[in-house]
Amino acid sequence: MAEDTSRVAVDIGGTFTDLVAVDDGALALEKASTTPSNFADGVIDALEKCELDPGIIDQFVHGTTVVINAITERNGDDTALLTTEGFRDVLDITRANRPDMFNFQYQKPEPFVPRRHRWEVPERVDQSGDVLTPLDEDAVREAAREIRDAGFDTIAVSLLHSYQNPAHEQRVRDLVADVHPDAYVTLSHELTKEYREYERTNTAVLNSYVRPIADTYLDSLEGRLHDHAVDGNTYAMKSNAGTTSFEQARRRPVEMVESGPVGGVYGAARVGEQIGDPDVVSFDMGGTTAKTSLVQDGDVTIDTDYWLESSQRDEGYPLKIPVVDIVEIGAGGGSIAWVDQGGSINVGPQSSGADPGPACYGRGGTDPTVTDANLLTGRLNPDYFLGGEMALDTDAARDALEPLADEFGTSVREAAHGVLRVVNSNMANALKQVSLRRGHDPRDFVMVASGGAGPLHAATLGRELGVKETVVPRAPGQFSAWGMLLTDLRKDFARTNVGSFDADTAAEIDGIFADMETEARDAYAREDVSLDDLNLERTVDLRYAGQEHTVNTPVQAETVDASVVGETIERFHDRHEQTYNFRMDDAVEVVNLRLTAYAPMPKPEVSPVETDASPAAAVKSTRSVDFGTEGVHDTRVFERDALPTTEPIEGPAVIEEPACTTLVHPDQTVDVDALGNLHIS
Amino acid sequence: MQSETDTQAQTASVDPFTREVVTNALQSAAEEMFLNLGRTAKSSVIYETLDYACGITDAEANVVAQANGVPGFLGTLKFCVADAIEKFGRDGFDPGDVVLLNDYHGGTHLNDVAMVAPIFVDDELVGFTASKAHWTDVGGKDPGSWTTDATSVFQEGIQYPMVKLYEGGDRNDAVYDIVVANTRMPDVTRGDMQAQKSSMDVGAERVVDVFNRYGTDTVRQAVADEFDAGEQLVREEIQTLPNGTYTAEDYLDDDGVTDDPVHVEVEVTIRDETIELDYTGTDPATDGPINSPYAASVSDIRAFFQAITLPEAETNEGFFRPLEITIPEGTVLNATKPAPIGTDWEGSAMAADLPWQALAPHLPDRLSAGHFLSVCATIVGGHDERRDEDFLVVEPQPGGWGASPGKDGADVLVCSGDGDTLEMPVEVMETRFPLLFDQFALDTPQEAGHGEFRGGTGLVQDYRMYNASGGFITAGFGRSKFPPWGVEGGRDGDGNYIEIVRDGDGSVERHSNLTNHELGEDDVARLVTSAGGGWGDPFDRDPERVLEDYRDDYITRQTAREEYGVAITEAGELDAAATSSLREAGATPTDGEPNRGETQ
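So the protein sequences, as listed, match chains E and B.
Quick note on numbering: the working numbering labels position 579 of the first sequence as 579, and the sequence is numbered without any gaps.
Quick note on numbering: the working numbering labels position 199 of the second sequence as 199, and the sequence is numbered without any gaps.
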C-alpha cells in the first residue's frame, strides 16, 4: 500500500541509532551515536541531523533496545509475584534440565523474583477452566497490602490454567487496585493464552520487571518528539515484526524485547516481495552475531517458544510471546578465532566488540578476528573503512593471526583463510538449520543479506547454500530501520485448546476463532484503528494424536466447517512430511489456535532510479584479492552508488560503500535493479 | 572414518580447518537426527525427557558424532553398532537395512530400543547411523515394562535380538507385527518406531552429502585426526590431575525384591596420562532389577570421566582411550542375562557416583558433593475417563544437587544420568493425563545437606487421579536409605522417597520402590526428592547467607541456630552477638566424622 505519506523509522542499536525516512519518494539515511544514559537523546540527535521537516512526519516508528537492556543489565524494577497456592516455586524449578551436561557444578539461572517476593493465594482452576477452589479474596487483599507496604510498584499475577479461564486473574487485578491503585499489574493471560506455567509466569514477571522503565522511556520520548514538533502517530516495533501504539507498548513492553533485529527480517521479506521472490532466507551479520530467519511467501516465521540468554551451557529464561523465529549464532566481524580444549579451531562466540574491536582497528585489540582475516585476504580495503573515516592497520591484523598460524604450522594468509572458512561454515550450518533442516529446498529461496559484515560473506554463503540468488539491499548497514519503515500494525492471538481436530469439533473450533476475532476487533477499536482493512489470518498447531510437538498449519477460510478441517488436515500431512520426512494415518489433534490481525498502514514508496553507464566507468581501483581455493585475482573495485542498472558486472569484484563491502566471486555476476538492490548469482 | 584396509595407505593429513568443517558437518547431521526424532516421537519420555540419543559411527563402530539428551547414553551406541557388525558381518548389510535391538546387546533396559542402519557411498559401507530411545511400553509383566520387582529379564518385555526391521528399504512386516503385538501402547510404539526410522534416513542423507562434498579419504582422515587430537588432549588434561589411588565404597539401598543393601566399591588410579577404575569387590548381580549391564555402566562412567577432564569438548572415541575400566562379570555393575535390568539406572548411576565420591575432595573445582542420584522414575497410568482410553506416562523426577566450594548446590535439577531433560509442566501434565496436582514446590524447610555451601533443595509434588479409574503408580527411587553424601564436613542429604496418602483413613505409606501400586480416586501420591550434600562445615557459612536462606523460607530459625550457629531475631534480623557466642560454643555435634564412602 503506497500512499503519499511520510514515515520515519528510528532503530537504536548498540553503537549507532539509525534513522531511515522516505520523503517525497527519496530515501533519507542518518546515523547518530547511541546514548545509553538516555536513549531519547540519540533519537533526537538523529532527527536533527537529518534536517527533515518534523511537521510533515505522519508516522514515527521506533525500534528500541531499552527493554532488552533493562533485562540484560538487570536494572528493571523489583517485582512481586502473586500466584496459586502450592506453585510459587515454578521460577526456581524451571524445567529442571541440565543443558551443560558434563558440568557437575551447574548453576541455574537466578529468578527475576526471589522467593521472598512471591505471594501464594488459595484458588484453583482445572485444565478445562472449571473452578475447583474459588479465589480467596481476603487472601488477595492481604497479599496486596503486604506487597504495597513492602514497597513494590510492579506486580505480576500468574495463576494456574488462567489461559483457560482468566476470571481469577482479572478479579485479582480489581482487588489489588482497591488496595494499591498505583501499582503496575501484569496478568499472565493478557500476554499469552498458552499453557506451560513456568514459561507464562516468567513472561508476566519480565513484563512487570521492565514496565516502569519502558513506561518512563516511551513517555519521555513522546514528550521530546512533541517538543521537537513531531506530531504524527508514534509506533513501537514489536518482536512479532509488527508495530503497536506507544500506549499499548507501555502496557506490554516485553513484546519489544527483539524490537531491533526483527526489523531486518521484516525488511528482507519486503525486499523479496519487491523483486518478485517472496521466499527468502534473511542473513544479517554484524560485529558480534549473525542472524538468519526464513520468510515464506512474504510471511515471516513466528513462534512463541523464545528463550532469552540461553545457550548450549545455560537454560536462559523463557518468554511465551510471539517472536520472529531467528537463529542467532556468535559469528560477526569482531568474532575471535581460538583453539579449544579439543585442539580444534573455533571462531566466536566471543567478540572483540566495538571496543577495542578487531586488531586492525588499532585500538589495542590483539585477538585475531574475522575482520582481520578479511583484511589480510584483500577483501576489505584498509583505506575505505567507514568511508575512510578509519584507517585499518594491516600489520596489527597480521600480528594477531600469527600465533594461530604458528600453532597449525601454516602461513598467516592460510590461517586467515582458515578463519574465514570456519566462520563461513558456522554460518552456513545456521542457514541450513532454518532452511534445509526444516525440509525446504534452498534453491527455491533468495538470500537477502544485511548488517555491516553481511554483504562481505553473503556471496560465499549463498553459493554454499545453493540459493537462487543473493540480494544485497540498499543501506544494508541500516536495514533494520529500513524494515521498520514498511511495517503494519500487528497483533497475535493464541489459545491453547487441546483436543481432536475433525469434523465433529469443527463447530467448536469455529466458535473459538470467532471469539478471538472479536477480541482482535475490540482491541483495535479501543485504539481507534479502522477495522475496514483489518486482515485476519488463522492457523492451528496440529500434531498426530500422541505427539507433543506441533506443526503450524494455515486455515485458509474465514469459517471452519468439516470440509475446511479436511483441507487443513491434508495441508498438515504435507507439512509434516516436508519437515520430518514422513506422514501417518493417525488421528490429528489441535493444540493451539492462532489468529494474526494486521491493520495495514499507509506506506511511502521509494522511487526507482535507472543509472545508464558502463561498468568500467564505475571502477575506482583494482586490488589483489585472495579467494582461497579459487586463487588470487586482480579484482576491480566499484563504488556502489556509481553502479549502472543497465549492464551486469562480472566477478570477481568488490563493491564498496561507506558502511559495507560486498564481495563477488570470480564465477559470479551482479545485476543492479532500479531500487538499488544488488543481485548476485 | 578410518577403515582397517587403508590405515597404512593414508598418510596425507587434512588441514585443521578442513578437519573442523568436516567434523562440524557430521555433528550437525547427528543433531538434525536428534531434533527430528524429538519433535515427532509419541513417547513423552522421548520428546520431553529426551531419553534418547542419535549418532553416526564409522564402519568399525567408532562414534564420530553423537547428539544426546542424556549423558547416560554416551557410548552405548558404539556397543549397538559393534554387536550388529559382529552378527551380520561387514558384508552383511545392504542399503536400506535397519537393525532393531533392545536386549543385552543394546546394553540398557529393554525399554531402550536401538536402531542401526548402514550408510553407503557409491556401494561402499562408510559407517552407520544409530539411535536409541526409551519406548513407553515393550510388553512384560506390568504396564510400562520396567518394574522394581522383576526377577528375570524375561518379565521386563519382549527382546528384539538384532533383527532387520527393514531389508533393502522394505519393511519386514513379520518383525513389525511382532513389535506392535507386544506393546500395551501400539499407537505410541508405531509412532516412535516411525519417527526413529525417519530421523535415521535424514541423518544418512546428510552424511552422504558430507562424503560427496569432501571426498571419502578426506572425511576418513579428518575423523581419524580428530580422534587422535581428542586422545592427546585428554592425556594432557589427566596430567594436571593429582596422581594417586583413591577408593570409595557405598551401598545401593536394596534390589527391590529384598531389603538387603548391596555393596559396591571402586579403586581409582590416576597415573600420569591414564585413569583406571577397578570395581572388584562389588556384590554379585541381584535378584531384583537394579542391575546394570556393562554398556550402561560404561556410559555413566564415561560421562563422569568427561566431567573431570574436558566437560566442554565435543567427545569422540579418542577421548576415552586413556580410560581403563575393570568390572568383574556377573556383578551388579556388569550383569549378564537373565538378570533383570529394569531399573538399571540405579546400578549405572552408582558406577559413576563411586569414583565421584572418591575424587570430589581432590577435584573441588570440577566436582560437587553427592546429589540425589537416582533417576527417580515413575510410571503412572490408568483409564482416562474423559477420553475413554488407557494412559501411561513415564517420567524422571528432578532433585537437589551437591554443593561445591563457593557454590550452593542447584535446586531441583535432573540427575547426572539425565541431561537436557525437560520436566513436564503441570499444565501440560493435567491437560494430557487425568491427573491433578496439589503442589509442585521446593521441599522446604530444608533439613539436610547443610554446609558452608548448602546442598540444593529437592522437589515435592503431590498429585492425584482426576477423572480416571484404575490408577496405579510404579516408581524406582534409589538413594533413599543411603542419602547423598556431604564433603569436608558438609552434611548428607535426606534421601528420595514416595508417600501414598490414603484418603480413606489419611494414613501415609512411605516407599522407595513401587510396582503397579494402586492409586485410588482420592489417594495422593507425594513424590519427594532429596536435598544434595553440603560442602564444608555449616558453622563456616556466612551468616548473611544463612539469613537470606531464612528470608527465602529455605530454612527455619531453628535450623539456622542449631545447624549453622546463626541467631536470627523474631523480627527476622541477624543477631551478631548471639551468633558469635553460638559459634564459639563449639563445633556442630557431628563435626569431624568422616563422610560415608570416603575411605582414603
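Please keep in mind that the hints were generated in silico from the structure rather than gathered at the bench.
There's no promise every hint is true.
Stated by the list, open to error - One-sided excerpt, in silico: chain E residues whose CB lies under 7 Å from chain B:
hint	residue
1	F102
2	Y195
3	F408
4	S425
5	Q547
6	E548
7	V637
Quantities reported herein were computed from a predicted structural model and do not represent experimental measurements.
Virtual Cβ for every residue (Gly too), placed ideally from N, Cα, C.
Evaluated hints:
1. F102: 4 Å, holds
2. Y195: 4 Å, holds
3. F408: 5 Å, holds
4. S425: The hint holds - S425/E has a Cβ within 7 Å of chain B, the shortest such distance being about 5 Å.
5. Q547: 5 Å, holds
6. E548: Constraint on E548/E satisfied, holds at 4 Å.
7. V637: Since chain B brings no Cβ nearer than about 27 Å to V637/E, farther than 7 Å, the hint is violated.
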